[in-house]
Amino acid sequence: MLLQRFLIRLLTMAITLFGVAVVVFIVIRVAPGDPIAMMLPPGATDADIARLRALYGLDKTIVQQFFIWLAGVVRGDFGTSISLRQDVLGLVFNRLPATLELAIVALVMALAIGGTTAILGARERGTAVEAGIDIASGAALSIPDFLWGLVLILLFGVLVPIFDISGRVSPQLDLPFATQFYLFESIVRLRFDLTRDLLAHMLMPAIALALPLAAIISQLLKQSLKEVLDLDYVVLARVKGFSETQVILREALKNAALPTLTLVGVQFTFLIGGTVIVERLFSYEGLGNMAIDAVINRDLPLIQGIVLVFALLFVLINLAVDMMYALLNPRLRHG
Amino acid sequence: MDEARISRHGSRARLWLAGGWLLIALLAAIFAPLVAPQDPLAQDLMLERLPPFWLDGAEPGYWLGTDSLGRDLLSRLIFGARIAFIVAFAAALAACLVGSTLGLIAGYFGGWADRIISRIVDVWMAFPPVLFAILLVAVLGTGLSSVIIAIAVIDWTRFCRVIRAETMGQSRMDYVENARIAGYGRIGIMLREVLPNVVPSIVALLSLEMGIAVIVEAILSFVNLSISTDDPTWGGIIAEGRLSIHQAWWVLVFPLVTLILTVLSFSQFGEGLRARFDPVLR
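Top line first, the protein sequences correspond to chains A and B.
The numbering of the first sequence is the working numbering, which starts it at 1 and goes up by one.
The numbering of the second sequence is the working numbering, which starts it at 336 and goes up by one.
Just so you know, the hints here were simulated from the structure itself, not pulled from any lab data.
Treat the hints with caution; some may be incorrect.
Stated by the list, open to error - Here chain B is said to cover these stretches of chain A; the calculated rule only asks that three of the stretch's residues, wherever they fall, bring their Cβ under 8 Å from a Cβ of chain B:
#1 66-77
#2 140-146
#3 150-160
#4 276-283
#5 294-305
#6 311-321
We put the beta carbon where it would ideally sit given N, CA and C, even for glycine.
So that you can see chain B by itself, here it is in the shape it has in the complex (with noise of 0.2 Å):
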């Protein structure tokens, strides 16, 4: 009893944190012209690698110092939020919208449709997804879209084989018999009582679909290989402090800090959603 009552304050606080922290992120990047304390582009060789704020050499406006170029590492941060978030939401979305329905047709069919699908399945797992993605890229050509098309692409499976095994299992429980009894159509059954079922699981794989979004965004600009180079990414950044680590560390310190809060919280409040959600744990 007691216990449950720590774990529901705990996943109550982490559940804020987490949104605390994803709602900070994404007011910069929408806002981020007006919070940028610099032009996240403007280059100053006077100013290559200042240190942050607190360190000897700093300069006042560029708090958390420059890059090898002269540019401001929190405005290209800031600026840089705004690509992750945009191919988080998208590239997830993309993702559920046809794992989600592939899963559901598949666990609540079954038969042929099932067949199909899970080998469809079994053949991407097969595949390095950080080298499918690299690849779809390089194919596509890089950009925005090209990045979310390729993550969608590659990331539907794990919607599909959750919902798949959830909706199986929904299917077999006793409402799902009745409302056969009562004479609902199957498409009737599966969109209005198996699908709210599943809702909780789908929500919280989304939110846990976005932290990898960002990752994978982050790997494909590391790469060189995500959107053009001079808009500002967190992997870009990071790939810059790759490269400069002994005379800059705080290119590669803040954007990692950045995205390791990001990504950890994505899948805390993914958690937290689906612990509220649930009615067993609730």
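Isolated chain A, as found in the complex (with noise of 0.2 Å):
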């Protein structure tokens, strides 16, 4: 049953992802400008541009530049970057670790600025409390990670500067890392010096990321909460004796996190989505900031490698999520 349900996904997840590739694809060669033509100086002859075309393989129809794209992905081979001259494949791995550490730091501070407030909205329920948390979780939720990052700039870089609000890490330090995963390693190889200030330039964006689900967190998670706190079972709990915190704690949470989880998921994507414009934002070398540039170089094998690993995190997080509700869910696993 839950096998079937994975391969079911697996295959949506291919048409889905094969999808994309055709869209982009499409998107992306009926751009006007060569950018052939702006890699090369003013005096390069005609002959010099049919050479690099045919070196890129633009010379080709559309249909066959597809597919011998499509071969190249299969085997791993992403094709080279036109403006930065590398790998598409290494370039991207090179930036990922840098936008999926500042991604998970947010998801980890929505759960938790989210979670809070819910369980103190539900114990407080019905008080001012309660009230004041929905009118913040309703202003955080309508304002955008891209206008939370101009706010957090204004507040904490201007106002009063106590964050670094551009770059990932201080230049002058020396990293002593072999991966880039840079936040990841700092604490294992005990560099708590580093580490603090990774956290540091990642603070604001990470915030601004974060605001919009943890309001959404928040209301949906108080929500449950509330519902299953006029629930026999937790009546029982209440009647032997357990605070109502802890009643929230150990009887209510488990149960009403179930459609919570589901939404995290969704949302999670649309985080990762925002990490586009606010690295842009905080100039934080990740993968989106990258992106942009190589929209604006008009970097075909670039753009079109970014988009498909983005497609593909998207995807596998959704499955993920899914195959995670399936796992928890009693009337799905025994069904």
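Make one complex out of these two single chains by using the hints.
In structure tokens:
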């Protein structure tokens, strides 16, 4: 049952990714403006241009180009970046860890802020505390990450300058890292001075990304908690003498968390989509920032590679959430 | 009972506050040449980085100060509202038309139509939206119509998903079955019976989408990909403000406040309208 569900999911995932590849390929190929002409100095001859076009495979038909590219992608060859003249996959893997670390830190923050306010709001239901949480989460939800980022830059970059507002790590630091997962590695190597510097750079973009998601988690989890708190088994726990906080944490949370979990999955992909502009805002050297440069430079192979990696990330997250839901939901597990 | 009355009062206040701000901004946009105190494009290096009116060194007539080229900030914000509203209305309407139609078809007819439309939505949802928007504008070339098309092409799925789900719910109701028994055609039922019942959701989404369109336009001008750089846009002013943040904070603060108020108003206005239309909530 579960395996069948998994296999069907895998198939639709492949179809979705193929669709993304087709769409991005078509969109890019109808672009006016010749990327080859931009690479060459003004004095280049037609022969030079033709030679370079052939080198990047741009002299073939669109359908041919697509299948040549797709055959490469299947083998793990995403082509060569036109503007940076390096292997696309290498470039993407170089930047992806920075984006993943930022997104995961933001997700943890969203869960912490959203979870805490939901529990607090459910415990203090019907009071001014709950009303305050409702107003705050309403505002946090309506204002997108781009604007939160700007607000944070003003507050903590200019008014009270306590955080760095640009980059991923202070440039003067010596980095002993072997991988691009700086934050993870700094913790493993016990270099907490570096961890602190990395987090100081990451904090504001992460909060900007986390706030809208935290608001959604807070609203939904609070609603589920309030529903569960009226059920018999919770009332029984209360009669047994547990405090309201204990009742929520020990009894209600487990059963109220499932609907929130499903939603967090979808919303996490939105959060990752938001990294593109938030990274730009904070000059954070991640995949999204590189993607914007790639678009501005009309670097077709690089754009294709980055979009496909984002899409892969999105469908994998959806798959993981779906499987988790199936495992945790008793109705599906035994169905 | 009491709680219901308080929330009804709250939703009415929200509707008025949000509607009031949007009306002021819209009027300012329409009558921009009349209400703007200065020429939004006039540069004057003698007047560069003037602070807003309550600070020392302010000049009369330059209420919110000037940017690093000596251009009047208030006038640029007022003229920027024109582009913001044009994009908001045109892009949201286009996205709504495409998305709601496909959502209605998928939800009402089901079967193959639903499968194909849902698969396309899945593909669209796998794109990072901001990157998709930047890519589309880069491809279409900068300009007002490119921005509008890009937003509509990306955001129709928002309407499609919601309207599809709502239509499915409505189609299972008795009144649809009754209409079928009474001998109405399928398309007739869809348009005359189902559509009016999903209109409240469409209106709320439309208002929400206008706010999103304003943000996307601002993001596109922020990365310098919206309309020509001469015309003042909120995102363009923000991009300038981000650069001169340590010398002239007001160039970032005022467009940011304007954007936040506008986005909040669009979403609250939509919520308020839905609360008014929705018979269950009313």
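Structure-based check of all given hints:
no., hint, result
1, 66-77, "violated (count 0)"
2, 140-146, "holds (count 4)"
3, 150-160, "holds (count 6)"
4, 276-283, "holds (count 4)"
5, 294-305, "holds (count 4)"
6, 311-321, "holds (count 3)"
In terms of the numbered hints stated before, the structure departs from hint 1 and from no other.
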